[in-house]
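> Could you use the hints to bring the two separately framed chains together as a complex?
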Amino acid sequence: MLASCSGDKTVRIWEQRPSGSWACKAILEDTHNRTVRSCAWSPDGKLLATASFDATTAIWEHVGGDYDCIATLEGHENEVKSVSWSASGSLLATCGRDKSVWIWEMQPGNEFECVSVLQGHTQDVKMVQWHPFYDVLVSVSYDNTIKVWAEEGDSDDWHCVRTLGEANSGHSSTVWALSFDSRGDRMVTCSDDLTLKIWDTSNDPSQTVGDNDRPWSHLCTLSGYHDRTVFSVHWSREGVIASGAADDAIRLFVESKDYSVDGLSYRMLLKKEKAHDMDVNSVQWSPKEPRLLASASDDGTIKIWELIEVSQ
Amino acid sequence: MATGLINANPIVYERKERRVRDSPIDTDEYAEEPIDQLEIFDHVRDIKDPEHPYSLEELKVVTEDSIEVNNKQSHVRVTFTPTVEHCSMATIIGLCLRVKLMRSLPPRYKVDIRVAPGTHATEAAVNKQLNDKERVAAALENPNLVEMVDECLAPTFE
Chain A
1058 MLASCSGDKT VRIWEQRPSG SWACKAILED THNRTVRSCA WSPDGKLLAT
1108 ASFDATTAIW EHVGGDYDCI ATLEGHENEV KSVSWSASGS LLATCGRDKS
1158 VWIWEMQPGN EFECVSVLQG HTQDVKMVQW HPFYDVLVSV SYDNTIKVWA
1208 EEGDSDDWHC VRTLGEANSG HSSTVWALSF DSRGDRMVTC SDDLTLKIWD
1258 TSNDPSQTVG DNDRPWSHLC TLSGYHDRTV FSVHWSREGV IASGAADDAI
1308 RLFVESKDYS VDGLSYRMLL KKEKAHDMDV NSVQWSPKEP RLLASASDDG
1358 TIKIWELIEV SQ
Chain B
729 MATGLINANP IVYERKERRV RDSPIDTDEY AEEPIDQLEI FDHVRDIKDP
779 EHPYSLEELK VVTEDSIEVN NKQSHVRVTF TPTVEHCSMA TIIGLCLRVK
829 LMRSLPPRYK VDIRVAPGTH ATEAAVNKQL NDKERVAAAL ENPNLVEMVD
879 ECLAPTFE
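Keeping their order, the protein sequence lines are chains A and B. Take any residue in the first sequence, note its place counting from 1, add 1057, and you have its number in our numbering. Take any residue in the second sequence, note its place counting from 1, add 728, and you have its number in our numbering.
Okay, chain B solo, but in the shape it has when bound (with noise of 0.2 Å):
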């Protein structure tokens, strides 16, 4: 990793146990199965953090409580933590989220992302530039970025 880490030392924490989903065996398999919190935690909490071995769930800056889904409209709402207030790498982890919930959800799906308030020196600005979606659609053609989004999307953990 380069010199001059953004976050030098961040905390660490415990990532949460797996919970199995219970797969009820009378239901109708056919049925559509709403998508909840859990699911949309479960497809971004490996993210690898851009600076980091350590995924955005050990260092919370998502968390499953973090995640809100309005089924009905099809619309889900994912508000990070940046680890420190000035932290340069909020966009390229907004990105991440973006993108793999593009890859995950159905194409139906609304998503928004934004960082928590009060969490990010430039609040306005980076959620401007991640709900642009043409901006974003511009940056996903940069060979440059798209390799260090797919680092950090790539399957490192279990």
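In isolation and in its complexed conformation, chain A is listed as follows (with noise of 0.2 Å):
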């Protein structure tokens, strides 16, 4: 099952045959009236989040064959771009233009209750994504960094306790998108700076105390693979890191056995040009089919790639 959604202010959920071919199962209009950004299923798969230019993030949710929109999430001041379930779906991060990043959290008969407004970052907020374990939430923005959010001992007060910037072998502009490997000890980036780069996440930094534990630290970049804006990466269970960019094309890499003289290195697996007729703007692997890749375009596709082999 797969959920895109457009600039035409719909969501289509699609479903593969039994004889392999992907289908248009239902189509959620007439609840957003701008754009929807981002969307996201809760870890059980019963529900979809909805994030739109409208201001508004709507839940869906899967009864009978049918989706019934349960809740709309109001707060932020305009566009939102992102959403994000937590590992264990009780929590749901948006963020947006407003320069902000909310924290929801569901509450019995689908009530959202806002649990904390975080500011910090100076620009549009771009995506939020949870870690795959930790209640640590990741943020990236239009301002060039990446900051880390996590809950303030057990007080429910969320704070931001990383933030990484260019001075941290961060971005030197907008970062795009993020995305965790399957263990959650490391994060890849991609950015406007027509780079990747590569974290180290492997600590739980809402436990960690003071500067010198240095939580979540730059491991590498993959710079002079791409030629425009990288809008989106994902890394597979497999531990193959997807790239959708703005020059149409789709690369794959994967870390390298050479090690180098700095210790980890990636290198390009595949390229596949014109992968679409227009800007890639995100690349996603299924949760089940770990070489099962979608990718959409500004073309107006969704494309469904499979990964034949990992040559070593």
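The hints are simulated quantities; they were obtained by calculation from the structure and are not laboratory data. Computed from a predicted structure; not experimentally measured. Quick reminder that beta carbons are idealized off the backbone N, C-alpha and C, glycines included. Errors might be hidden in some of the hints.
[To be verified] Capping the alpha-carbon separation at 27 Å, the derived lysine-lysine pairs in DSS-like fashion look like this:
1) B/K861 x A/K1328
2) A/K1082 x A/K1360
3) A/K1329 x A/K1314
4) A/K1331 x B/K861
5) A/K1329 x B/K861
6) A/K1328 x B/K776
7) A/K1360 x B/K744
8) B/K856 x A/K1066
9) B/K800 x A/K1066
10) A/K1328 x B/K838
11) B/K861 x A/K1360
12) A/K1345 x A/K1329
13) A/K1331 x B/K788
14) B/K776 x A/K1156
15) A/K1331 x B/K800
16) B/K861 x A/K1066
17) A/K1082 x A/K1345
18) A/K1331 x B/K838
19) A/K1360 x B/K800
20) B/K856 x B/K776
21) A/K1360 x A/K1066
22) B/K838 x B/K856
23) A/K1331 x A/K1360
24) B/K861 x B/K776
25) B/K856 x B/K800
26) A/K1329 x B/K776
27) B/K861 x B/K800
28) A/K1360 x B/K776
29) A/K1156 x B/K856
[Claimed, not checked] To give a feel for the contact side, a few chain B residues facing chain A, derived at Cβ under 10 Å:
30) E767
31) Q801
32) P835
33) R836
34) K838
35) K861
36) A865
Below is the structure:
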């Protein structure tokens, strides 16, 4: 099952038939009145959250083959750009052009309560993503930084525990997206500065105190591969990083076994030129079949790819 | 026009004579004709300045030489020169250029819009905003902005 969202204000649910082909099973419309920028399934797959330029986030429930909008989250001043569920499914994060990140808690009876409004970014926040295991949230922004947010002790008080900027070997332009590897101990980010960056995220930053612990630090930078903005990056369960960029290409990267002097390096496994006719906006591996990749583009199409072989 | 023009007395330059394209009769009419500098210039030269009744060509905001085309890579770059370096209209002018080219060129074209180096006080910020397609898309869902852009793009010249 795949959900896609679009500038046409709709969300479409796609399902693979036994024959292998994909069909549109449902169209979610008439709820958002502007572009739907992002969508995310809850960890149990029962709920879908959709974030829109209309300043709202909608929650949809799958009931008997139909999708009902069961809640609308309001609060952002303007465009909501991304939505993400925490690993437990009890928390939801949203972010947007108003520079803020909101954390919502799911209450009984489909109620969502805002538990925190996080200020800190100085510009448009492009994407939020929860760590796969910890209740730790990452946001990336037009202000070129990556921010890591966690609760302070048991206080329900969320705050920024780390800012990864240019001074920490971070990005020099808009950071568009991020993805964790399956173990959660590494994170990849992509940017308008044409690079991908790999970060060590093996510590739980909500548990470390003081600057000496150096939680979450830069591991390596993949530069020289992309010619235009990298909009999307996603790490497969098998450790293959896919990137989607404004040069219409999809690239795959894997960790290189030839350790360089610096320790860690990644190499390009594959470059699919002209994967789409226009910018590639999103790449997403299937959580079930680790070699199945979906991509979405300005050309209005979604493509499903299969990685046949990973040569070593 | 409201009080307090950004640039009250812009220098107005003469418009270039329109060149008529040669249309050779004996060529294959189905052959794809590469898009050139002049063609791009023709698309944008008559865009109206947001605050003056002059075209971007007359204010030398754009010239033919400020346009770069790479057909092989389907890439166009327009470098425009705001009339004054604190011009708050720079982003709207850039947006007009982008919208005009979005509407005129085949969708495979990648368009970069930037202000000429050293001609604007907040050059980096303006360039970043004009080339963030998500922000451009959001801006174009704003009816007031679209109205402003459409007014600048309205064919009032010839």
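> Does each hint hold? Answer for all of them.
Checked hints:
Taken as a hint, the B/K861 and A/K1328 pair is honoured in the structure, with Cα atoms around 23 Å apart against an allowance of 27 Å. Annotation: proposed proximity of A/K1082 to A/K1360 holds, straight-line Cα distance about 17 Å (limit 27 Å). Between A/K1329 and A/K1314 the CA atoms are separated by roughly 23 Å; this keeps the pair inside 27 Å, and the hint holds. A threshold of 27 Å between alpha carbons decides the hint, and for A/K1331 with B/K861 the separation of about 19 Å falls inside it, so the pair holds.
At roughly 23 Å between alpha-carbon atoms, A/K1329 and B/K861 fall within 27 Å of each other, so this suggested pair holds. A distance of roughly 42 Å separates the Cα atoms of A/K1328 and B/K776; the hinted pair therefore is violated under the 27 Å criterion. Between the alpha carbons of A/K1360 and B/K744 the distance comes to roughly 47 Å, so the proposed pair goes past 27 Å and is violated. At most 27 Å may separate the alpha-carbon atoms for a hinted pair to count; B/K856 and A/K1066 meet this at roughly 26 Å.
In summary, the hint linking B/K800 to A/K1066 is not supported, as the alpha carbons are separated by about 34 Å, beyond the 27 Å threshold. Between the alpha carbons of A/K1328 and B/K838 the distance comes to roughly 19 Å, so the proposed pair stays at or under 27 Å and holds. Of the pairs offered as hints, the one joining B/K861 and A/K1360 holds, with about 21 Å between alpha carbons and a cut-off of 27 Å not exceeded. The straight-line distance between the Cα atoms of A/K1345 and A/K1329 is roughly 23 Å, inside the 27 Å bound, and the hint therefore holds.
Taken as a hint, the A/K1331 and B/K788 pair is broken in the structure, with Cα atoms around 37 Å apart against an allowance of 27 Å. Using a Cα cut-off of 27 Å, the hinted pair B/K776 and A/K1156 is violated, with the two alpha carbons roughly 33 Å apart. Between the alpha carbons of A/K1331 and B/K800 the distance comes to roughly 13 Å, so the proposed pair stays at or under 27 Å and holds. Between B/K861 and A/K1066 the CA atoms are separated by roughly 17 Å; this keeps the pair inside 27 Å, and the hint holds.
Between A/K1082 and A/K1345 the CA atoms are separated by roughly 19 Å; this keeps the pair inside 27 Å, and the hint holds. Distance check on the hinted pair: A/K1331 and B/K838 sit about 13 Å apart at the alpha-carbon level, within 27 Å; holds. About 25 Å separates the Cα atoms of A/K1360 and B/K800, which keeps this hinted pair within 27 Å; it holds. With a C-alpha separation of about 23 Å, the suggested pairing of B/K856 with B/K776 holds against the 27 Å cut-off.
Using a Cα cut-off of 27 Å, the hinted pair A/K1360 and A/K1066 holds, with the two alpha carbons roughly 20 Å apart. For the suggested pair B/K838 and B/K856, the alpha carbons sit about 15 Å apart, so the restraint of at most 27 Å is met. Our distance criterion of 27 Å between C-alpha atoms is met by A/K1331 and A/K1360, whose separation comes to about 12 Å. Distance hint between B/K861 and B/K776 is fulfilled; the C-alpha atoms sit about 23 Å from each other, no more than 27 Å.
At roughly 25 Å between alpha-carbon atoms, B/K856 and B/K800 fall within 27 Å of each other, so this suggested pair holds. A threshold of 27 Å between alpha carbons decides the hint, and for A/K1329 with B/K776 the separation of about 41 Å lies outside it, so the pair is violated. Pair hint B/K861 plus B/K800 holds up; C-alpha atoms about 22 Å apart against a cutoff of 27 Å. Annotation: proposed proximity of A/K1360 to B/K776 is violated, straight-line Cα distance about 41 Å (limit 27 Å).
With a C-alpha separation of about 16 Å, the suggested pairing of A/K1156 with B/K856 holds against the 27 Å cut-off. The beta carbon of B/E767 comes no nearer than 21 Å to any beta carbon in chain A, farther than 10 Å, and the hint placing it at the interface is violated. Nearest Cβ of chain A to the Cβ of B/Q801: about 9 Å, under the 10 Å cut. The hint holds. Because the beta carbon of B/P835 sits about 6 Å from the nearest beta carbon in chain A, less than 10 Å, this interface hint is met.
Among the interface hints, the one on B/R836 holds; its C-beta lies about 6 Å from the nearest C-beta in chain A, closer than the 10 Å criterion. Hint on B/K838 holds. Least Cβ distance to chain A is approximately 7 Å, under the 10 Å limit. Because the beta carbon of B/K861 sits about 7 Å from the nearest beta carbon in chain A, less than 10 Å, this interface hint is met. Hint status for B/A865: holds, given a least beta-carbon distance of 6 Å to chain A, under 10 Å.
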